[in-house]
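Generate the whole structure from the sequences, applying the supplied hints.
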Amino acid sequence: MSTATTLAAHTWWMTGRRLKVLVKQPAFVVILLVQPAIWLFLFGNLFRRVVELPGFGAGDYLDYIVPGVVVMTAVSSNMWAGMGVLEEIERGTMNRLLTTPVSRSAIMNALVVEQGISTAVQVLAIILLGLAAGADYPGGPAGLGVLLVAALLLGTVFSALSNTIGMLVRQRETIIGVNTLLLLPLTFLSSAFMAEALMPSWMRTVAHGNPVNWALDAARAAMSAGPDWGVVAVRCGWLALAAAAMVFLSTRTFRAYQKSV
Amino acid sequence: MSHAVTADDLRKSYPGGVRALDGLSLDVRPGEVFGLLGPNGAGKSTTVKILTTLARPDSGRAEVAGHDVLRHPERVRREIGVVAQRSALDPMGSGRENLTLQGRLFGVRATALRRRVDDLLERFDLTGAADRVVRGWSGGMQRRLDVALALVHRPGVLFLDEPTTGLDPEGRAAMWAEIGRLAAGESMAILLTTHYLDEADRLAARLAIVDGGRVVAHGTPEQLKEELRGDAVHLELRQPPDEPTARQVIALVAGLREVAFDGRRLSARADDGAAAVPAALAALESAGIGVAAVTVARPSLDDVYLRHAGRRYAA
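Chain order of the listed sequences is A and B. According to the UniProt record's numbering, the first sequence is numbered sequentially starting from 1. According to the UniProt record's numbering, the second sequence is numbered sequentially starting from 1.
Do not take every clue at face value.
Said to hold, decoys possible - Covered stretches of chain A (chain B as the covering partner; in silico rule of three or more C-beta atoms under 8 Å from a C-beta of chain B):
{"hint": "1", "region": "21-31"}
{"hint": "2", "region": "80-93"}
{"hint": "3", "region": "97-110"}
Claimed, not checked - Stretches of chain B that chain A covers, calculated by requiring three or more beta carbons in the stretch to come under 8 Å of a beta carbon on chain A:
{"hint": "4", "region": "46-55"}
{"hint": "5", "region": "66-78"}
{"hint": "6", "region": "89-103"}
The set of hints was computed from the structure by calculation and includes no laboratory data. Ideal Cβ placement from N, Cα and C applies to all residues, glycine included.
This is the structure:
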């Protein structure tokens, strides 16, 4: 086999191996799907009337929060990726793999692909749930496509970050702490549930540097009746850069881990 | 290729100044079981990690199956099977899935792999549980699957890092039998680390005693024991003796040397233990020192360890 086909085959096997674990825990899969549903209906009902605030700028709150719940879900489920890596290290399966000829890149690729697949399933579920609840997607399939891509890129940023932390500190508590610390501020320092126009100005400034908000900007721009593809391209570009940087960082950390064994 | 494994002057320190290896050298011949014996922290696992390409030494060189572990780790990986100290299975995968994935990573072709997996399951008595997830298996079964996993691609060199640690006596006996079969059946070199003296004695054709990150003695178990020249004679006295008197008495007994007292216990060494005992008993009785029990033992690896590491073996 050539290097490229070996890498592809190994990535496929490594991903399948991790997805099988997921599928064999149906309760976990159900939770993955129920959690965003709860958010969608909780936030959807709790904040239903904020659209009436002058300057909010959206007609229906359900339409507004579908991308919000999508990005929040993408962040919150990918944040835990590091737990999986930690478990592999602690269980010894990582070292077992490292003594086989498996492509080292495939191990890291599989982590990204696995997270991407489960994120995609969650995103599709939220879109369908929203549709069932009566949400409109004026941007059509193209808009939803951008939403999915933005969620996947954003998810990669956070799964790679989480993997890096997991390999560096090798401590569950740290991952739990970081996630608890980050999830809500990252979500609420974005336009996920509240229009940017209504944020205090310092918050708006912070939101501009928040990758969660980039994903929302891109998704909202593409999902509107008159899509602004310029915004979509720029924000997705930033997200792609951030994702690439994080994956690079996690790969470097993985190399460092291999030397520290 | 004259050796299956060669390690030459390996040194490695971990951050914080812990010196794990301090000039360790060894060689394993093709087809033999080589034991690496030493207490925890002696450097056994670090040696295995370096030889299996997981860790890099600070200096020194090593070859496994004819390939340099530093320059061609990917070639080394194709030739080795590794059983780590702790079981390292995918707990949510079945036995068959674990084996199949491992085989694929080594590039074993689908049809051959299916046959090999069946054979290994059969041979390690795991056929009945093959399609159940490993998480529910007993410790002994998981350990056997660990070994089966390491064999799926027919490696030339097998590393067994403390394969029986944590197993109950029954599991240990089964593992010993299996390692014995492995050694006899395939033309595979086995490097076995253990902190059990009896395990090394029983399984290893040659062994190296490691202490403080270096090999302090090596040879066949018999050679090592013979170097000690003589049997260990232990006498248990009825009362703690007046040591100078007892020492004087026992010094007159021919053939006894290296006499040591420890409370009521008297230990000595003799070229022919059985012959020295009656004389020792007679001498002590005539001096009014009663003897409660006598044991004569062939030298054990414990004694070898005492001699080379300068202290009793405490695993």
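Verification of the supplied hints:
Counting residues of the region 21-31 of chain A whose CB falls under 8 Å from any CB of chain B gives 3; the rule of at least 3 is met. With 3 residues carrying a beta carbon less than 8 Å from a beta carbon of chain B, the region 80-93 of chain A meets the three-residue requirement, and the given coverage holds. Given as covered by chain B, the region 97-110 of chain A passes the check, having 6 residues with a CB less than 8 Å from a CB of that chain where 3 are the minimum. Against chain A, the region 46-55 of chain B contributes 5 residues with a C-beta closer than 8 Å to a partner C-beta. That satisfies the three-residue criterion, and the hint holds.
For the region 66-78 of chain B, the assignment as covered by chain A holds, since 3 residues bring a beta-carbon within under 8 Å of that chain's beta-carbons and 3 suffice. With 8 residues having a beta carbon nearer than 8 Å to a beta carbon of chain A, the region 89-103 of chain B meets the requirement of three or more and the stated coverage holds.
Violated hints are absent here; each numbered hint is respected by the structure.
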